[in-house]
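**Student:** Respectively, the protein sequence lines represent chains A and B. Heads up: the first sequence runs through residues 2 to 405, numbered per my numbering. Heads up: the second sequence runs through residues 2 to 405, numbered per my numbering.
Mixed in with the good hints, there may be bad ones.
Below, a list of computed lysine to any residue pairs in the SDA-like style, where the Cα atoms sit at most 20 Å apart [said to hold, decoys possible]:
(1) B/K327 / A/Q28
(2) A/K378 / B/T330
(3) B/K327 / A/E135
(4) A/K252 / B/S355
(5) A/K394 / B/S355
Because the hints were derived from the structure by calculation, they are not lab data.
Each chain, written out:
2 protein chains.
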Amino acid sequence: MISVEEAEKIILDSMGTMGKTEVELAQASGHVLREDLQADRDLPPFNRSTFDGIAIASKAFREGTRTFAIQGTALAGSPRLSLDSREQCVEIMTGAPLPDEADCVVKIEDLKIENGKATVLDPDQAESGHGIHELGSDCSKGETLLKAGVTISPKEIAVAASIGKATVQVSTMPRIAIIATGDELVPVDSVPEPHQIRRSNDLTLATALNAAGYTSTTRLHLDDDPSEIEATVSKLLESEDVLILAGGISKGKRDYLPETLLNQGVDRKFQWVSQRPGKPLWFGTFQREHHDFPVFALPGNPVSCFTCLHRYVLPALDKWLARTPKAQTYAQLQEETAFHPPLSLFLPAFANFSSDGAYQATPVPFNTSGDFISVSKTDGFIELPKERTHFSKGQTFKFYPWVS
Amino acid sequence: MISVEEAEKIILDSMGTMGKTEVELAQASGHVLREDLQADRDLPPFNRSTFDGIAIASKAFREGTRTFAIQGTALAGSPRLSLDSREQCVEIMTGAPLPDEADCVVKIEDLKIENGKATVLDPDQAESGHGIHELGSDCSKGETLLKAGVTISPKEIAVAASIGKATVQVSTMPRIAIIATGDELVPVDSVPEPHQIRRSNDLTLATALNAAGYTSTTRLHLDDDPSEIEATVSKLLESEDVLILAGGISKGKRDYLPETLLNQGVDRKFQWVSQRPGKPLWFGTFQREHHDFPVFALPGNPVSCFTCLHRYVLPALDKWLARTPKAQTYAQLQEETAFHPPLSLFLPAFANFSSDGAYQATPVPFNTSGDFISVSKTDGFIELPKERTHFSKGQTFKFYPWVS
Chain A
2 MISVEEAEKI ILDSMGTMGK TEVELAQASG HVLREDLQAD RDLPPFNRST
52 FDGIAIASKA FREGTRTFAI QGTALAGSPR LSLDSREQCV EIMTGAPLPD
102 EADCVVKIED LKIENGKATV LDPDQAESGH GIHELGSDCS KGETLLKAGV
152 TISPKEIAVA ASIGKATVQV STMPRIAIIA TGDELVPVDS VPEPHQIRRS
202 NDLTLATALN AAGYTSTTRL HLDDDPSEIE ATVSKLLESE DVLILAGGIS
252 KGKRDYLPET LLNQGVDRKF QWVSQRPGKP LWFGTFQREH HDFPVFALPG
302 NPVSCFTCLH RYVLPALDKW LARTPKAQTY AQLQEETAFH PPLSLFLPAF
352 ANFSSDGAYQ ATPVPFNTSG DFISVSKTDG FIELPKERTH FSKGQTFKFY
402 PWVS
Chain B
2 MISVEEAEKI ILDSMGTMGK TEVELAQASG HVLREDLQAD RDLPPFNRST
52 FDGIAIASKA FREGTRTFAI QGTALAGSPR LSLDSREQCV EIMTGAPLPD
102 EADCVVKIED LKIENGKATV LDPDQAESGH GIHELGSDCS KGETLLKAGV
152 TISPKEIAVA ASIGKATVQV STMPRIAIIA TGDELVPVDS VPEPHQIRRS
202 NDLTLATALN AAGYTSTTRL HLDDDPSEIE ATVSKLLESE DVLILAGGIS
252 KGKRDYLPET LLNQGVDRKF QWVSQRPGKP LWFGTFQREH HDFPVFALPG
302 NPVSCFTCLH RYVLPALDKW LARTPKAQTY AQLQEETAFH PPLSLFLPAF
352 ANFSSDGAYQ ATPVPFNTSG DFISVSKTDG FIELPKERTH FSKGQTFKFY
402 PWVS
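Produce the entire structure from the sequences given, and follow the hints as far as they go.
**Tutor:** The structure is reproduced here in structure tokens:
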């Protein structure tokens, strides 16, 4: 039995780097960017007016001119004009290019306009540089604006669009097969016999993977039948990039998976981790065309399965896709907790921000690792290290939010 | 000019409640549940073994029996067995129903099994109730497990699947039209003239709406042409449930939108909010078949536009869809800040969890509300109230994370 930290390291060390592909920017949200993006020109690309008002030469104002003849109008989207003389001004709209020879925009609220002339009312608003979003002040041509590894979210879309990236290089999405095992499982829309339960793990895992940006998922169910398991696993090892199995990996008589996976050439890296829930966690890799692919065999209990997905599988996939690691979330434990077995404890908890800015995690009592109802009231789990048995209220620990 | 709080209240008060629709559970993630979900039977539906081991009557153990003849095997997914006598045991697998007359499961690690007999090695593991996830201990038949208003995420999927909800009632998704306006805007894949910029607002807004669960979006661009704007807005008011406009709503000569919206019968609720960025924010509603629909006209500057989406539009849509309001996020300001104008300040900031569990927001310097490059380095914005001019390091304020 190995520690959580050892298991995490073995998994992460086994993950190489996925290939790249090109996607349309409109489809890029959630993908991992695999190229640095540079500005294709200075931004803003011209001295841009930030107000509706008039553009003047501030020197004329300093030398006493208060009223300027309006020579024309600068509109957003129109080519740059030029001031004909210092006694004149150009009416200018927000987003329009500042005319040559002008160095200041006075906003409409600070003007009186009549008979084709504009009079400046507020002298403080007529200084050089006022009302101008200066050429190149956001970035210079060639400057790196986004780094490879970032997850593309709406704000990255805005940057990429503004520099003309209609398509972007991203990590290829792995094909993920999710296999729920167990004779006791029946379809969601059926009425189970008293000894049966409905299949929920595969749909839950698929939904969580999709929500985390891993959208290429297939779901299967296998009965506890060694030849069916062997045949299906064999096929999946040919076609899929990741296998995530739920159930059938402990020491039960019908836990055929560990043996099947070995028979099929999957290289077992570990089984049994000193954690609760999720002790029977099994991890291995298989080779295809000289590349390594991961197999995660998660415990079948829904809480164990969901917890292990967040603690191990999602970070592993993130590394595989070369995603810049997320910053660790920490939370303050809100209840004195004692736990004696020498195991790391993953404790589902409700989380909130206190109005003084602390992130707080309150464990929700739950029955067993089969009790998913209690977990649905939580926001993630707090991880209590195995080296200790008592955990005080107010102490801070790592917190893993559920994907939502 | 009204305050942020007044604007928020006017918007939220204008939002009614969207209708409902039925979706497949596998497609329900991100939707707002519109029915309470009850357990259709006790969960677990039987006394469920939590170990691989043997099921015994603990009374026999207390009375001295240590070795039990194995009468058979209880498998997950098989009907419940019954102990033939107190001298016997049933081999049992995790997830299998506890046999009648048995009240305890001793796990395989605490047993010696040979010649069809199992001997209990650890007396502490043979107490009544040990190793059993008791019938009905997670919930009772008829108990409400999920409440209407919850956003369906993977953990709600798990609950719904386990109680047989293959389809669920959710809020109807509104059809949202996003319209970027401005002659200066050119397509992302074009090479702009020096006075032009690429369209990014509409794609950014659409991506953010999609990421927030609002997946039915259409994007358009309109030039600053009053008759084109009038004709398009008129059509959209017939076909769409929400109009989000970006740009063309300030006091510029070519800001035709406010007038067009009024001409088209949109009831203006307010324009101008005492905030930076985003002062020109315009909001109204229109009627169709006796229902009210919202029109948000956001400022065209990308930072203003993105900020107003998060501060006003997303909470409004959440209320419309009857989504239970999210808990407010708070963060500790990490930099002494002074701001004198009597405006609420939305300050884009980098956010992190300190290792003692505080959520911290560090403002990122930025140029103007046109500077989207700086915003791409932030995680959201901190809201500094307009009643004050000085904000100390370490003080806590509301924080709005960007959708990602």
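**Student:** Please go over all the hints and tell whether each is borne out by the structure.
**Tutor:** Here is what the structure says about each hint:
no. : hint            : in the structure
1   : B/K327 / A/Q28  : 27 Å, violated
2   : A/K378 / B/T330 : 18 Å, holds
3   : B/K327 / A/E135 : 39 Å, violated
4   : A/K252 / B/S355 : 41 Å, violated
5   : A/K394 / B/S355 : 17 Å, holds
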